[in-house]
Structures are given as C-alpha cells and as structure tokens.
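Student: If you're matching them up, the sequences are chains F and V in order.
Following the numbering used here, the numbering of the first sequence begins with 14 at its first residue and continues without gaps.
Following the numbering used here, the numbering of the second sequence begins with 217 at its first residue and continues without gaps.
Hints are computed from structural coordinates only; laboratory data are not their basis.
Ideal Cβ placement from N, Cα and C applies to all residues, glycine included.
It is possible that some hints are incorrect.
[Unchecked claim] Below 25 angstroms or equal to it, Euclidean Cα-Cα: the simulated DMTMM-like pairs (lysine to aspartate or glutamate) are:
1. K281/V x D493/F
2. K244/V x D513/F
3. K266/V x D389/F
4. K281/V x D508/F
5. K452/F x E434/F
6. K264/V x E709/F
7. K221/V x D298/V
8. K560/F x D204/F
9. K278/V x E517/F
10. K280/V x E532/F
11. K48/F x D25/F
12. K368/F x D204/F
13. K280/V x E709/F
14. K264/V x D508/F
15. K288/V x E376/V
[What the hints assert, rightly or not] Some, not all, of what chain V presents toward chain F, calculated at C-beta under 10 angstroms:
16. G258
17. E265
18. K340
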Amino acid sequence: MDIEKRIQELRDRLKYIQDIFGPDDNSNVAMLEAKLGEYVAREPGLPKQEAVRQLKTLEELFSFLERKLERDLKPMNKVRIVRHPQRICLKDILENVYDNYTEIGGQDDYSIDPSMLIARAYITRRRGKKTHNQAVMVIGQEKGHGQEFRNGGSVKPWGNAKALHYMKVAETENIPIHTYVFTPGSYPIEDYPGAAQQIARNLYEMAGLKVPVVAVISEGGSGGAEAIGLADTRIMMSHGYYSVISPEGAAAIEGRLRGGQRAEPKLIERCAEQLKITADDNRAMGYVDWKISEPDLGARPEHYDFFRKLRKSVIASTDEIVLNVRGLRLFRAIALKRRKGADVYVRWNLDARAKERLVWMRYMKYRKMAQDAYLDKRHWLSRGSESVGELLTSLYSYFRYDLFGKQHKKVTELAEDVHAEMQVVVGRSSRYWNALMSKLPFTKNKSDVNKEGLTSLSAWDDGEQNNGKWQYVSPQAKQDRAVTCPNAAVHGCLDQWAPDLFGEWAGVCSFCGHHFPMEYQWYLHNIFDPGSIYEVFSEIESANPLKFDGFDLKLDEAKRKTGHKCGCMTFEARIQGTAVMVALFMGAFRGGSVGAAEGEKFIRAMERARKKQLPFLSYVHGTAGIRIQEGVNGVIQMPRCTMAVRRYTEAGGLYLVLYDTNSYAGPVASFLGCSPYQFAVRSANIGFAGPGVIKETTGMDIPPNYHNAFQALSRGHIQGIWDRREIRDNLVQSLQTMGGRNLYYR
Amino acid sequence: MIDVKELLRELREEPYEKIIIRAPHSGKVEFVTGDVGAQVVGPSGTWKEKPGTLLVRLEREKNKKPIFAPQKGEVMALASLDNGRFVQAGEELMTIRHYLTREEVIARILRRSLSLFPAPEKGKYYFVPDVDIKVKTKGSQTVHVEEGMELFILSRMKRETAVRYVGPAGIIYAVYFESNDSVDRDSPLIGVCPENQLGQIQEVVRRVQTDWEERD
C-alpha cells in the first residue's frame with residue numbers, strides 16, 4: 014500500500030481522536046501527535062523497507078493507544094463522538110444493515126423535512142433452500158455527514174408528522190418498524206402542527222401501534238428522541254447518549270446563565286456525568302433493553318463488523334417481540350433468550366390477538382419503569398391496605414360498569430328505541446285525543462312553564478362574580494399598593510389597586526382583560542365545590558434518583574415552601590355535583606417540572622379515574638418541562654403518562670386539559686398535548702421551548718407574543734381560551750357537552 | 217426655499233437632539249442612572265421588545281414604575297431633585313442628549329428643504345405604472361412632477377383610486393413609502409425638490425455623508 018495514503022489515514026485517525034478528546038489534556042493523544050509528526054519528518058530520508066516497517070509500528074501504536082483511550086472515555090467524550098461528522102448515520106445503516114431499501118418522500122434537501130428519513134427496507138434471510146424477504150419500515154433522524162440542511166437531526170414538526178404517517182402505513186401493512194434515534198432534540202418551531210403537539214400526537218399513536226417497534230438509540234435528545242423512540246425493545250449503542258437535555262443546556266440551567274453566556278467546560282463535564290446519559294447508565298436504570306458494543310472510540314462508516322452486529326441485534330429483537338406475543342413460539346423463544354442474535358426464522362406479521370397482547374405488553378413494560386426514582390415512605394401495612402382497596406375498587410368497577418353496566422346500557426337503549434317507535438304510533442292518535450280533551454271544561458291548562466325565562470335574553474349575573482364573594486382570596490389582595498398592567502403602554506390601562514384587582518376582580522385587569530398570575534389555591538377553592546376535594550396518592554414523594562449535586566437541598570426547600578411532596582397534586586373533587594379526577598401541576602414546586610413522582614401520581618390518578626369511571630382534568634398551573642436533575646427518569650414519564658392517557662381514553666374516559674400561566678416542553682409534548690380537549694386561561698403561554706432555548710438552538714429571535722394563548726389557539730394547539738372568572742361555568746359546560754349524556758364517561 | 221447651508225450650520229452647532237424625560241404621573245422619584253454624562257441606550261431587539269436603560273423609578277401607591285430611555289445618548293442634565301422627592305405629572309426629570317447619526321441629519325435636512333406630499337388617507341400607495349417603471353429602472357430623481365399630475369394609486373378595501381399631486385413642480389428626491397405597506401394619513405409619501413436646487417441638495421447630502429462625525 015502507498016505510504017502516503019497510509020500516513021493520511023493516520024492523520025485522519027489522529028484528527029478524530031483530537032476532536033473527541035479536544036479540550037482535555039491527554040498524554041496519549043499528545044504522544045500520538047508527536048510520534049506521527051516525528052515519523053512524517055523522518056520518512057523522506059528512510060529507505061523504503063525501513064519506512065514501511067516503522068509505519069507498521071506506528072499503526073500498531075495507534076491501535077494500542079486507541080484501545081487505551083477507549084477506557085478513558087468520559088460521558089462528555091461520548092457526546093462528542095455522537096456529534097462528530099464521522100459518526101455513522103442512518104444512510105450508512107440503511108446501506109449496510111438492510112438488504113434493500115427505498116427512501117420514501119425525500120431526496121436530500123428536497124423533502125418535507127430532510128432531517129427525518131423514512132425508508133421501506135428488506136431484510137433477506139436464507140433458511141435451508143428458502144429465501145425469506147422480510148419487510149420493515151425504517152424511520153429515523155438523518156444527520157448526514159456534516160450536511161447543513163438537515164439541521165443536525167433536529168426534526169421539524171412536519172418531519173415528525175411524516176414519521177407518524179409512515180408508522181400508520183406500517184401498521185396497515187402489518188410490518189415491523191425499526192426506528193433510529195439520531196437527534197440532539199426537536200426543532201423548536203411553533204407553526205402548525207406545533208413542535209410539542211406533534212410529539213404528543215406521535216407518542217399517543219405509538220402507544221397503540223399494533224406492530225413490533227424496535228428503537229436503536231445513538232443520540233437521544235429528550236422530546237425529539239421520544240417522538241419516534243417509544244418502542245417494544247430499545248437498543249442503545251455503547252457510545253451513544255440518551256438524556257433529558259444536552260450537557261451544555263443542563264450546565265446553563267445549573268449555572269443560571271442567561272442571554273447566550275457560555276457555560277464553563279468543567280461544569281458541562283460535571284453535568285454530563287451527573288445526568289447519567291451513557292448506555293451503561295440507561296441499561297442499569299432499565300430504560301434501554303440492550304446495549305450494543307461499538308468499535309473502539311465509536312462506530313464510523315468503515316466499521317462493517319459493527320453493522321453486521323447491529324443487523325443481528327435488530328433482527329433478534331424483532332423476532333423476540335413477535336415470539337413473545339405469538340401463540341406458537343416453542344423453542345425459538347428459548348433459543349433467542351439464550352443467545353442474542355441466534356438466527357432462527359420468525360414470521361413478522363401478527364394476528365389480531367397477538368396485536369392486542371403486544372400493546373398490553375408495551376403498556377406494562379413502560380408502567381414498570383422508574384419505580385425506584387421516587388419515594389414512597391409509607392409502612393408496608395398501609396401500602397398493603399391500599400392495594401387491597403384498589404383491588405376492591407377494580408372488582409366493584411368490573412361488576413358495576415362491565416358486567417351490570419353493559420347490560421343496563423343495552424336494556425336502556427332498547428327501551429329508548431321501543432319508546433321512540435311507540436311515539437310514532439301513539440303520537441298521531443294522541444294529537445286528536447289531546448285536542449278533544451282540552452276542549453272539555455274540567456281539564457286544566459298546563460301552561461305553567463316559565464315563559465319569561467325562555468323568551469328573555471340572558472343577562473350578566475351580577476350576583477356572585479362581581480361582589481367579591483370568592484371562596485378564596487389571594488394573599489396578594491392584602492397588599493396596599495397599586496399594580497400596573499403589563500399592557501398599559503399599548504391599551505392604556507390605568508393602575509389598579511391590589512385589593513380590588515386580586516380580590517374582587519380575580520386578578521383580571523379590568524381595562525384590557527390581562528390575567529395576572531394567581532396561586533393554585535385560588536382555583537382549588539373557587540372552581541370546585543366547597544369541601545369536595547379529596548386528595549389521593551399524596552404520599553408519593555419526589556426524590557433525587559441520580560444523586561445530582563445539591564438537588565436534595567433544592568427539593569427539600571420546594572417541599573417546605575409548598576407543603577407538598579411533589580409538583581403534582583392529585584385529587585377527586587366535584588364541580589356542581591359532578592365528580593372529577595384532577596391532576597394539578599403546580600408552578601411553585603420547582604417550576605412545575607415533571608419527574609418520576611409526578612409521572613407516577615399522574616398515572617395512578619388516571620388508573621383510578623378509569624376504574625371509578627370519572628372524567629379527568631389536568632389543571633396545569635404552570636410547568637417548565639421535565640425535571641432535568643432526574644435525567645432519563647424524567648423523560649421516560651413522557652411515554653409512560655401518554656400510554657396511561659391512551660388506555661384511559663380508549664376505555665371511554667373524558668380527558669380535559671386546562672393550561673394556566675406558562676406551560677412548556679416535555680409535559681406539553683406528551684400527556685398534556687395528546688388530549689383532544691385542551692383549553693387555556695387567558696394570558697397563558699404555551700409552547701415547546703422557551704424564547705431563550707429557541708434563540709440558543711436556532712439563533713432566531715422570536716416575537717414577544719410567540720407563545721401566547723391566542724397564538725396557540727390560531728395554530729390549533731388548544732381549543733379555546735377561557736376567562737378565569739368563568740372557568741367553573743366553562744368546565745361544567747365542557748363536562749356536559751364533551752362528556753355526553755352520562756356527564757363524564759362515554 | 218430654506219437655506220440648506222444655514223440649516224447645516226445650525227446642526228453642526230448643536231449636533232444632537234434633546235429628549236426631555238418628564239414624569240408621566242405624580243409620585244416619589246428615584247434616579248437610577250448615574251450622573252450627567254452617563255451613557256444610555258434605547259430599546260433594542262427585533263421588535264424593540266427589550267427596554268432601554270432604566271433611568272428613573274417613580275413610585276406611586278407602592279407601585280414602583282420604571283422609566284426607560286427612549287433613545288441612545290448621554291444624560292445631559294438632571295433635575296435637581298433628591299431621591300424620594302415627590303414630583304407632579306409632567307415635571308422635568310432629566311434631559312438626554314441623542315447625537316444625530318448621518319442618516320438622521322440627512323433626513324432632517326431633506327424634510328426641511330424638500331416639499332413633502334402627505335398621504336391624503338390611510339391605505340396602500342403605488343406609483344402609476346409609467347412612473348413606477350421609471351422609478352424602478354432609473355431612480356426617483358428622474359421623475360418630474362407638476363401640480364395636478366396623476367402620480368399615485370391609492371389601494372384600499374379592494375378599490376383603487378388615482379391620487380393627483382399637489383404642490384410645487386420639481387423632481388422626486390426622496391420616496392418615503394414602500395409598495396404594499398399601509399401608509400397612515402398625513403405621513404409623507406414623497407419629497408419634491410425644484411430642479412434648480414437639486415445640485416445644491418445633492419452637494420449638501422454628499423458633504424454630510426463625508427464630513428459628519430458620528431459620536432457613540
């Protein structure tokens with residue numbers, strides 16, 4: 014081989030190593046650099062044979078030190094590996110893992126969103142004399158090798174919509190889906206269909222996909238990863254990362270940096286370590302099923318062995334999923350369990366019963382996750398009694414709604430039909446009969462209906478709302494001061510006296526209607542019937558599962574300040590006599606961020622609502638997103654809670670969401686955003702990423718009203734905007750109109 | 217016709233604009249920005265959403281309201297008031313000196329020396345087609361206008377009306393509107409300059425472009 018070419022190869026290897034270990038001082042990297050430099054200087058004067066011999070030694074030294082450096086890899090080095098332009102990308106995988114593929118709806122930058130790549134692919138297997146062509150739908154983010162137009166794998170909402178569309182196609186065609194997660198996070202654009210809303214839609218639909226889904230994670234950045242990552246089996250590449258936020262983002266939050274300041278490399282490094290983002294960490298926490306080992310210092314397109322290994326893994330995972338839900342599996346399942354990558358032939362299409370089982374197993378898989386990430390300090394006796402109580406409720410629910418309820422419904426419907434038929438027959442003759450009867454002197458005229466009430470126009474009710482008779486009055490109303498409306502410059506609102514504004518006017522500017530933030534207690538006392546709130550699952554407590562530095566103190570502080578153990582309050586309550594189950598996310602507890610405890614409470618509340626057949630209301634008093642200090646334990650709540658929502662909705666439940674103040678990111682992009690009925694209190698802000706994050710990631714300035722509720726309404730995120738003083742009436746109205754005749758349950 | 221040279225001399229003598237900050241309402245005053253000579257900046261951001269330097273806080277009924285600098289400049293004079301003094305609405309608090317930029321000086325000279333034709337009503341304005349072609353190909357300064365000439369098309373609510381030019385004859389020196397933008401009533405559309413003064417104005421503008429020293 015030509016010496017020059019081999020030297021160039023070594024230069025490339027050195028460059029890659031320097032990129033990965035860039036800012037760190039590493040003696041091995043320095044040594045490689047020096048040795049290569051020396052050799053290049055010496056080489057022209059050496060005889061050919063000697064030059065080749067020394068070059069060989071140098072190559073061996075490179076391989077040796079690469080192995081050594083592999084052991085030195087820190088999480089941040091791995092982050093640099095996955096971000097490197099030489100990292101394998103989805104096109105490489107399609108070329109090398111699958112036997113044949115057709116890209117769908119995209120040719121480089123000519124595509125609805127070039128960062129989302131869809132391909133219909135084939136895997137060919139030979140068993141005996143027979144060749145089996147097995148079709149799969151491959152979906153994933155494509156970064157390309159340094160291709161600018163793909164936004165580094167950050168998918169725009171329509172890219173996720175495209176992915177969802179082809180997942181549905183795969184479902185129709187009954188072929189498995191292989192997804193490849195190569196994204197640092199979703200693109201935070203808010204045009205229709207909205208970044209958050211589309212991810213929520215994807216999660217909701219994926220929760221019920223009736224085909225096997227295998228996800229392979231290389232770079233899993235939060236919401237963007239979840240949009241295609243909800244899978245029956247998740248495989249993670251050994252040099253990949255899967256995290257709630259990029260280490261830089263976490264450092265910016267931890268260091269309280271604002272306005273585009275850069276975090277210090279040390280802090281970034283520490284955050285990367287504390288977030289537990291590597292494959293081993295995620296494997297240990299149970300958020301990925303397998304780890305697939307990569308070559309030293311990460312897989313690059315020339316590592317053909319790795320692609321072979323990846324091929325075996327995805328095939329084996331798909332086989333395993335199918336065999337687990339299929340009736341006949343016999344020895345093949347055992348063989349697969351024993352030896353990962355055992356090549357046995359399994360047909361990949363499922364029958365109706367297997368599909369049901371698949372969805373149920375997927376739900377159970379996610380339901381069991383993150384059970385160690387929250388605290389439940391109750392005595393085992395009280396836990397036991399709760400389990401017994403739940404069992405009894407389930408039994409009651411079964412008899413009341415499934416066994417008796419169904420028959421009751423059938424009988425009622427039949428009776429209604431019979432009655433309606435009778436009316437047709439009787440109606441005609443009764444008209445004559447009534448006319449005759451009314452003419453008789455002794456019959457009374459039945460015109461005691463309230464004619465005035467039916468014919469006059471409705472008027473503003475001056476009674477309760479305007480006379481300051483709120484059940485709960487905000488402490489802000491006790492301050493003797495004037496308050497200026499933020500819209501004063503535009504609308505010319507005059508200053509308002511705090512006791513008026515926060516007391517009588519419920520925090521609504523009487524000139525322009527701007528809603529000042531109110532405490533969540535205001536809603537608890539003024540919306541639900543007095544004394545009807547019955548809190549449940551209050552013992553579930555937020556914890557610090559990753560032992561994040563200083564987070565225990567912050568949690569204790571939040572617990573002390575709010576008097577709650579986590580940021581989600583779940584309770585049963587009544588609104589004008591109608592019982593509802595409510596999950597309240599309070600902004601006062603760590604910004605309303607959602608972690609394992611909040612997610613668990615939400616799911617339990619959903620399950621309770623399903624059993625007791627109650628409508629469910631998510632009242633979001635404010636949420637900043639997923640709690641970053643809990644890492645993946647927080648992110649995983651997105652699919653977990655969404656699956657619970659789907660299960661509840663499919664059982665016939667009515668799920669309403671009401672946003673107040675500011676609601677952003679993960680929760681909006683999953684279990685809140687997937688509700689078909691979402692409303693916002695006026696002056697609320699709803700979105701995927703805050704203005705700071707948008708500026709940071711896309712470099713774009715956004716208009717000041719970008720996330721405002723009216724914008725969200727015009728984009729189709731929410732279905733209506735409510736005045737705070739009318740929330741109670743509107744909720745009653747919604748329960749009656751959306752809940753149907755039975756008020757709360759279809 | 218105004219004496220342009222005299223105007224320029226005036227501007228050179230006082231190359232700034234005085235902005236007087238007055239109390240928008242009564243209240244106790246608290247000065248935040250430093251003493252005379254302190255630099256202030258005006259609102260920034262694409263939508264001017266970031267307020268300028270905080271100058272004064274005015275407290276009324278325990279409501280501290282900030283007053284921000286409306287323009288870039290330096291504090292020229294401060295009212296001799298102690299912090300905590302009660303002021304009436306409209307009382308002078310401070311004066312900011314905003315140094316004129318080259319563009320602002322030229323705009324001032326033009327506004328004063330040209331005869332401006334204001335928009336007769338609110339709407340979108342376009343030049344009539346033949347003028348439009350001339351403006352686009354050769355520039356506005358090749359267009360000669362005379363009183364009564366049909367010059368604009370006013371487009372509003374799906375109806376188009378021809379607008380005739382009223383004012384002294386001359387050439388169009390400056391165009392103050394963009395096609396497709398809505399123009400408010402009475403805001404200037406074009407500035408017209410008599411042909412014999414064109415050279416003089418061009419000379420002044422050139423001199424401002426080269427000689428005017430901008431101050432930060």
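Student: With reference to the structure, classify each hint as holding or not holding.
Tutor: Going down the list of hints, with the structure as the test:
no. : hint            : result
1   : K281/V x D493/F : 16 angstroms, holds
2   : K244/V x D513/F : 23 angstroms, holds
3   : K266/V x D389/F : 46 angstroms, violated
4   : K281/V x D508/F : 10 angstroms, holds
5   : K452/F x E434/F : 28 angstroms, violated
6   : K264/V x E709/F : 19 angstroms, holds
7   : K221/V x D298/V : 43 angstroms, violated
8   : K560/F x D204/F : 38 angstroms, violated
9   : K278/V x E517/F : 20 angstroms, holds
10  : K280/V x E532/F : 23 angstroms, holds
11  : K48/F x D25/F   : 14 angstroms, holds
12  : K368/F x D204/F : 35 angstroms, violated
13  : K280/V x E709/F : 32 angstroms, violated
14  : K264/V x D508/F : 24 angstroms, holds
15  : K288/V x E376/V : 41 angstroms, violated
16  : G258            : 15 angstroms, violated
17  : E265            : 4 angstroms, holds
18  : K340            : 23 angstroms, violated
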